[in-house]
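> Chains A and B, in that order, give the protein sequences.
Counting in my numbering, the first sequence runs from 245 upward without gaps.
Counting in my numbering, the second sequence runs from 245 upward without gaps.
Treat the hints loosely; a few may be bogus.
Identical copies look the same in the list; a pair holds intra-copy or inter-copy alike.
As the list claims (entries may be wrong) - Below 30 Å or equal to it, Euclidean Cα-Cα: the simulated DSS-like pairs (lysine-lysine) are: (1) 301 x 453; (2) 259 x 377; (3) 380 x 259; (4) 301 x 380; (5) 428 x 259; (6) 431 x 259.
Simulated from the structure, these hints should not be mistaken for laboratory data.
This structure is a prediction, so every number in the text was calculated from the model and none was measured.
In case you want the letters, here they are:
Protein chains: 2
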Amino acid sequence: SILDSPEGTRLGGEKRRVTIMMTDLRGFTAISERLPAEHVVGIINIYLEIMTEIILKYQGTIDEFIGDAILVIFGAPVLREDDARRAAACAIEMQLAMETVNARNREAGYPDVAQGIGINTGDLVVGNIGSEKRSKYGVVGRNVNLTSRIESYTVGGQILISESTLAACGDALRIDDQFEVMPKGLKHPITIYELGGIGGSATLCLPEKHTAELKSLAVPLPVR
Amino acid sequence: SILDSPEGTRLGGEKRRVTIMMTDLRGFTAISERLPAEHVVGIINIYLEIMTEIILKYQGTIDEFIGDAILVIFGAPVLREDDARRAAACAIEMQLAMETVNARNREAGYPDVAQGIGINTGDLVVGNIGSEKRSKYGVVGRNVNLTSRIESYTVGGQILISESTLAACGDALRIDDQFEVMPKGLKHPITIYELGGIGGSATLCLPEKHTAELKSLAVPLPVR
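Generate coordinates for the entire structure from the input sequences, incorporating the hints supplied.
What follows is the structure in structure tokens.
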């Protein structure tokens, strides 16, 4: 790993194919304006605490907490063959854990929140960035920006992944939907995919959409 | 300060009126795609090293390096009466220091870069955010997003400030231009101001625009 090797640190930068995850609490900035400051920080900390556990379990590198957003890298400092799949499985477990987050929120008298997750796979530059006074392991490149754009298309509860992540994940993904989008800074539209589940050694699924629809239809309509 | 007081830490959050600065190297993500990874990190580190010195001199709190961007807070953890003015003076000195940054870049065989700076003053929530495993002094609120939007309107070399920062700075600012813009997430357009200089105890100025124009006119045109 770059962090472990003095050569890597001296070299100062490396181009890597990694999988990038961006998350945030959808609409939270607007919600936060109406809440006491202690509640704002309380909600963020419940969210970050539970998500950090899951991200570390899947060997993701937390690059940054930015307000209520998390930037995670799978594949740096340590590159692994299943980076994209671990990111996908991690995202599903993170969405499932929102039930725990909101149970904790309700306990504390806070409102419910919903998470969006965007995932993208591609080259970027990784390295130790900063000054002598303050440095961090950082990432640079258009694929970071693209991940952030993909995440911005999510609604609460959704995981959206790029074509490159879909390809890198290989078999046994459950894709629930797909969209053409035109992110700022791109010349052509791209297709993004809504991830619903992953099979294989770690089977993880979000509730299926049509099941949810059937369930809601099973409730008798009130007769007027 | 929140960081120093156990009460502040336990409380976990506070609403504060602060001045927020966002900077980045304009167009650098696109440039970085065509450069060797070592150069990308090299350019960022020259930039961050020189800017960190100046920010600390003006008692700004560096909240984050995000790739080639810097998020700085004036007014937290420690609130001071002249937060907005120090931010403005700091920004001018940072733009003036780009000459040094690019001299270092040329020495290393790197291309020249240009910085944009956005400044905004307003309420936001500050506090220690994160988990037991990893926490930082963070900021949340629409004023953070707004600062980032204001910065996105800059071209290289420019400092754009919001109306609230202009008001908080008081007298003796040199404003070179103003624009109406409609940032995403706002219902009404806002006016932003291009900062060219600050007077008073610390007089700092960017080169005046009309001087630059006169100078360029003073060069004789080639006769064809």
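> Does each hint fit the structure? Answer for all of them.
Okay, the hints, checked on the actual structure:
no.: 1; hint: 301 x 453; in the structure: within (27 Å within a copy, 55 Å between copies)
no.: 2; hint: 259 x 377; in the structure: both (25 Å within a copy, 28 Å between copies)
no.: 3; hint: 380 x 259; in the structure: both (17 Å within a copy, 28 Å between copies)
no.: 4; hint: 301 x 380; in the structure: both (22 Å within a copy, 21 Å between copies)
no.: 5; hint: 428 x 259; in the structure: within (23 Å within a copy, 33 Å between copies)
no.: 6; hint: 431 x 259; in the structure: within (23 Å within a copy, 41 Å between copies)
Violation of the numbered hints given earlier is absent; every hint is satisfied by the structure.
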